[in-house]
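Asker: Residue 292 is where the sequence shown ends in our numbering, and the numbering goes up by one at each step.
Don't read these hints as lab results, they were simulated from the structure. Treat the hints with care, as some may be off.
Stated by the list, open to error - Calculated pairs, SDA-like style, for lysine to any residue (alpha carbon to alpha carbon, straight line, at most 20 Å): (1) Lys81 to Met92; (2) Lys152 to Lys183; (3) Lys118 to Gly155; (4) Lys237 to Gly141; (5) Lys118 to Ile164; (6) Lys159 to Phe273; (7) Lys170 to His197; (8) Lys169 to Lys134; (9) Lys267 to Glu231; (10) Lys236 to Lys134; (11) Lys174 to Asp158; (12) Lys159 to Asn178; (13) Lys134 to Asn178; (14) Lys118 to Ile99; (15) Lys236 to Asn160; (16) Lys236 to Ser76; (17) Lys259 to Thr281.
Claimed, not checked - Label pairs and their computed distance ranges (CB to CB): (18) Lys269 to Gly154: 26 to 36 Å; (19) Glu234 to Leu291: 55 to 65 Å; (20) Asp74 to Pro166: 36 to 46 Å; (21) Arg73 to Asn266: 16 to 26 Å; (22) Met270 to Ser76: 24 to 34 Å; (23) Thr168 to Phe289: 49 to 59 Å; (24) Val286 to Ile177: 47 to 57 Å.
Quantities reported herein were computed from a predicted structural model and do not represent experimental measurements. Just so it is clear, CB atoms sit at the ideal spot from N, CA and C, and this is done for glycine as well.
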Amino acid sequence: MKINRERPRHIAVADPYYMRDSQLRDGSRTRTKAVRYLQNFMLMHKENNTILLPVFPEDKYYTLIILDPKWSLAQYFDSSSTTTKKDYNRIRGVLDEAILGYSKNGGTFDKNGQYIRPDTKKIGFKHVINFPCIKQPAGSIKEAFYVLHHLKGFVEDAEMMSLPPKMTYYVVFEGRVPGVYEEWEECKKQVHKFSGNCYKGYPTRHEAVAKWRAHQANKSKMKTFLVLSFLLTIVAAVLYFILV
C-alpha cells in the first residue's frame, strides 16, 4: 500500500528532533547541529512562505513556532493557559543564529523583510511570543495535542492561514496603514513592531470594526484635548502679559 504524504503549497514542516531546550546550551553539539539543520532547512525551502517548527521549551511542554524567514518573523503558538511565562531564550538564540546563516548563504527576504536585532546589530527573527491561538483548559497537560491541532490546521488551511479558525479579523492600531484586515499576511505588512498594542485579533468583523472606531474616537478626543490645552496655554500667557 502506498501512502501519499500531503504537501501543501507554501508550507514546510521542520523536524523537531534537535529542538529540546535542555539540549541547546551554548557550545553544545546539539545546539550547533540544530542551528545548521534549521539554516539548511530554510535554504532548502526558500520558496515556502511558512515553516512549522514544534519545539520543547521544557521537557514536558510543547509549543508550535511558525517561521516566516522572508519577513524575519517567528510566531509562538503557546496553548497553555498558565500565566507563567516559558523561557524561550535558548530556542530564540538558535533561531537567530539560523536565520543569520540563512542570510549569509543565499537566503532571500521580501522588501524590508530583514530584521536587525537592536542588541547585536545582526539579522535575527522578530519573536512574537504570545501570538493569539487556541488555549487549552486550565490544568490540562495535553500541550502536544494542541500543537498537533494547530499544525494540522495550518496544513489543511494552507491558503488562508487563518488560525485560530474564528480569529480572522485584525485591527492594526499603530502601523504603516492602520485599519481592519481580514488576512494575517496583509496585517503583518502594516505592523511596525509585534509587541505592545500595535495590533490585535478579533473573532468577528463587527467586533473588529467597533474596536477600530472606538480607537479612532479616542484618538480624536485626545487630539481635541491637546488642541484645547494648547489654546488655553496661549490665552493664559496672553492674559498674564496683559495683566502684568
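Asker: Which numbered hints are broken by the structure, listed smallest first?
Answerer: 2, 4, 6, 7, 8, 9, 10, 12, 16, 17, 18, 20, 21 and 22
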